[in-house]
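Chain residues, written in single-letter form:
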Amino acid sequence: MSRFGAWWAWAIFIIAALYMLVPLVATFQFSLQQNPTGEAYRYIFNDVKFFAGLGYSFLVAVITIVISLLIIVPTAYWVRLKLPRLRPFIEFMTLLPFVVPPIILVFGLIRSYGRPPLAITSLPHGSDVVLIGAYVVLSFPYMYRAVDAGLASLDVRSLTEAAQSMGSGWPRILLRVIFPNLRVAILSGAFLTLAIVVGEFTIASYLAPWSFAPYLSQLGVFKAWSAAAVSIISFMLTWAAMGILILASRGSAGRVQIAGAR
Amino acid sequence: MSRFGAWWAWAIFIIAALYMLVPLVATFQFSLQQNPTGEAYRYIFNDVKFFAGLGYSFLVAVITIVISLLIIVPTAYWVRLKLPRLRPFIEFMTLLPFVVPPIILVFGLIRSYGRPPLAITSLPHGSDVVLIGAYVVLSFPYMYRAVDAGLASLDVRSLTEAAQSMGSGWPRILLRVIFPNLRVAILSGAFLTLAIVVGEFTIASYLAPWSFAPYLSQLGVFKAWSAAAVSIISFMLTWAAMGILILASRGSAGRVQIAGAR
Amino acid sequence: MSFLTLTNIQKSFGTMVAVEDFNLSATKGEFVSFLGPSGCGKTTTLRMIAGFETPTSGTIVLDGGDITYRPPNKRNIGMVFQSYALFPNMTVAQNVGFGLRVRKRPADQIQKRVTELLELIHLPDKANQFPYQLSGGQQQRVALARALAFEPEVLLLDEPLSALDAKIRVSLRQEIRAIQRQLGITTVYVTHDQEEALSLSDRVVVMSRGRVEQIGTPFEIYNFPATRFVASFVGQLNALPATVVDAGSGRLTVGGQEIRVSARIDAPAGSAMSLALRPEMVSLGEGPEGSNRLAGTVADVDFLGAIVRMRIRLADAVIVALDVFNEPTLKLPAVGSSITISFPADGPLVMAPGSEAGSGTSAAA
Amino acid sequence: MSFLTLTNIQKSFGTMVAVEDFNLSATKGEFVSFLGPSGCGKTTTLRMIAGFETPTSGTIVLDGGDITYRPPNKRNIGMVFQSYALFPNMTVAQNVGFGLRVRKRPADQIQKRVTELLELIHLPDKANQFPYQLSGGQQQRVALARALAFEPEVLLLDEPLSALDAKIRVSLRQEIRAIQRQLGITTVYVTHDQEEALSLSDRVVVMSRGRVEQIGTPFEIYNFPATRFVASFVGQLNALPATVVDAGSGRLTVGGQEIRVSARIDAPAGSAMSLALRPEMVSLGEGPEGSNRLAGTVADVDFLGAIVRMRIRLADAVIVALDVFNEPTLKLPAVGSSITISFPADGPLVMAPGSEAGSGTSAAA
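Residue numbers (our numbering), protein chains in the order written: chain B, 1 to 262; chain P, 1001 to 1262; chain S, 2001 to 2365; chain W, 3001 to 3365.
Just so you know, the hints here were simulated from the structure itself, not pulled from any lab data. Keep in mind that this is a model prediction, so the values were computed, not measured. For each residue, glycine too, the CB sits at the ideal point set by N, CA and C. Mixed in with the good hints there might be a few duds.
Stated by the list, open to error - Computed beta-carbon distance windows for the label pairs:
no., chain 1, residue 1, chain 2, residue 2, range
1, W, 3111, S, 2241, 17 to 23 Å
2, W, 3317, S, 2257, 49 to 55 Å
3, P, 1240, W, 3112, 18 to 24 Å
4, P, 1036, S, 2010, 55 to 61 Å
5, W, 3111, P, 1070, 47 to 53 Å
6, S, 2107, W, 3317, 37 to 43 Å
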């Protein structure tokens, strides 16, 4: 029974892994199909709009991450320390971005902030602001769970009280005790947010059609091979970042988990 | 300090809640703007394409859920019981759908399954099959984490061994011991999957433009008020389902958590 | 001269009263334990001394200054936690030096003090290791060094040994006691383990349901419990139903057999009483002249290692447990055989059924 | 007549040997405990009897049939787990009846048997409650009833009391023993708590690092430990350095003072030995005629409740711990005062330093 079970579990993983890998390999093949020397890749690296789109999305992602961290780290810390009864409420909020599909969120955003009295999108950089706001909401669950899982592995309360009893004030507790022990958790949340924001298509195509995912979509229509090439590049970047993250979390003696995974 | 901290935490929640609620209220107002008696809603309920789109998306979601459960429940159970060393690998896979943006996944899928040797999309219902496959991958993290959190709260190993020592075989263990105790976890994973699949726009607009989210997007262009009405209806359905889920998990003495939340 | 004084301390969480009317005054250098079951308010009281909770009413005075509402980081109190609470991102030396860095001491002075303390806890070679590289017992010793490094006025320990194995618990207990004596630091120790409290403390505060049941030396607490709760929580106890024959001469019957007790009895002849008798007070055999003797049959012999516990059945289904030291040459009586047991007249405490207070013996303590 | 026989059992996980050369034969109705520190292989051995692990080599025979490779659900063995492992979705009655439903017994028969067992564990009114509505002790009693309901041939208990509070642990221990005697079921009990093993068992198997150190009655294990490990793991122990004066007459010196032991000594005069002496063997004062007497000073007095442990310092920094029962009238010697202690000649075991085996006394057992 045990041997059969192991065999069967492995079979499922292999099928699932193939399901993920086949598109990747096929995309790579396709990107080289027109011109095996990599003309599709060369086209991309000579395209100003590629760098503009990627750069814009990257900047939006970084601002999203900074705002998320400023909101989430102190909030999650304080909730664990003093307001544990609020946790179910926050966990409920954590689910909202899943159950409110982006396509509905984008309509609400355009309606609310695209006309008086809150006509933000008609201001200079107004739609950037709304976009970042939407991404802060969208990435909230990932960032919150990553930070909260980091805090859960810490025994926040005792560490805080130990530091207090030794005479430490709040700034020192946050900067010297809490933050350094959350480094990997924060890195993991930030990385996920980066991946989500750069790859997000639905909201971006309404609020910022010049950003990376809409660019990729247009490219797919006009220059299919180059779109495949961009996909491959994204994959590579993503896997490299993930590899770095795993190495970083190994370095900290397995104390911190990736993105809230138990 | 404590009083200030509580005040500050609450302030953040209120701002965040407002950020979520303002679009909702604005959308609702907008849906009634043209005609306060609800013409926008009436239009929807008389539109065949609304029901066709919703019905199609719902059916796809249900098939996705069934396939996911058949794969994930026994796998997650077996991994916890006999192959705990595989868990980091599975948790890594759990992150893939986040870091591979849907817009890239969809290109890969079209490339791989849209042309020989694997020209599935050109078969009858071929693109449905590919769509469901993509959604199984996309919903994998939510379903797996929900089921795994349910298993984590169970002490699977002792329960299995206790049943074995009393003479029980595998079918009885799964059906009488494991499955009944995972009910709420499964319900929670299924509900999240439903919400994600019905609201998913990127992949659907390439593989099944007649499904719910693309329909909503088109409606937004041509009948903006009715699109707002649909958004409101989706919200209501979503909240009702979530309410039911929370009631169900209360009934089971708080043993099971929502979607892997700790 | 009282160094740490708690006066009329009360603490409520909503409608739940966690600590009620707590009074204690500890002298400088004293080792005081709070002993009681979980939920008795002992940890809440400790946390009020540390400043993590604020009393609903009452005052806490340390070395002449009222610290009741002073924030914890202004109190100069060292604290050791059940979970060790070492900072995982810092080495052992950085952990121990944390309180000194907060106080902005010069680096060389910190270095010197850290070395000194690592020698005190017998871990001089672990300075550059991280907490996760140490065993539980070593981590708790580092936590102790960290709490002592900045020379606090009071040391608080919150169940510091509960997370450790039995053998390490005993050895670390002895080490804590030795260090406390050596430094002469005023210490408050919270525990639910009676052996820990009795073994470590100058005085023990026994608590139950937010109230102080008794404050006394370990010897007083064990031998002269003030209340029924203390008698049953601290140590094993026979609670024997008895009937008063003659209060004046201390004569009672237990299981139909007459005995004499030296404790004062406040009840008329014929009334029902309860006698509290420790198993180790009871001996096999007739004992010396003047002992109380009871005849019964052996109901059960329980070999516990160093101790053999026997349960003797008298008439009326009264059971008396007694402890004897194991010896290899000891002949254990067979279950069901007849036996005589004895105990001195000053052995039992007298408790009226349902009464909270002990007999006069405890007043004499 | 052996009912459960384990022969040359060996179990490896990869290169790690968990159990090595384990042999045991238990008679029908016997209560056998496996005692040892964590990682000693006791739980692995139990799990092989239950069928959750398969031995790498060796055989397990139950009632004449070889069950070594039989799947666990074909073995008819009842098991109680540390974590209770009650099915959360079933009531107490459904839990207890599970094994009978698996065996397709008629409903009225199941009902009757469940009622019977709930009375046996004194919880007849909890039939329709769910596990989470019960206390830990009640849950474990239900788990016991569930394991007994289908009349298994052997009952296995894997640290069943470790998750419970100290007081409940003792009372449930007595209940388990009483039920086991009443039903006469062959029982294997795994524990790391020596008091549990000594108190419950007909025989104790002491294990260390995958090997059996000793198999014997509780009395033999405690008083005549076969190896140094058993002597130190079971009970407290003084390990006193001694020098042989005359092996033939059993004369040695400890801390410069001469004593006599009745154990056989296999070493020439002048060689170093180690004496194992239980604290409860040592008495204050000169003791009866023929006792060994040692003069020293009181190093430490540790009041533990029923017992007072003193540590006496002899010359050469030799420390002897001794236990006396506490009495309210006991005058404890002051720390630093001079004192004489005594112990009988047959008290100490003799161990050559570094040797694994005990002295001749254990062979006599």
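Evaluation of the provided hints:
At about 39 Å, the CB distance of residue 3111 of chain W to residue 2241 of chain S disagrees with the hint of 17 to 23 Å. Between residue 3317 of chain W and residue 2257 of chain S the beta carbon distance is about 51 Å. The supplied range of 49 to 55 Å therefore holds. The beta-carbon spacing between residue 1240 of chain P and residue 3112 of chain W, approximately 47 Å, falls outside the hinted interval of 18 to 24 Å. As the Cβ distance of residue 1036 of chain P to residue 2010 of chain S is approximately 59 Å, the hint placing it in 55 to 61 Å holds.
Roughly 37 Å separates the CB atoms of residue 3111 of chain W and residue 1070 of chain P, a value that falls outside the hinted 47 to 53 Å. The hinted range of 37 to 43 Å is satisfied by residue 2107 of chain S and residue 3317 of chain W, whose Cβ atoms lie roughly 39 Å apart.
Comparing the model with each earlier hint shows violations of hints 1, 3, 5; every other hint is respected.
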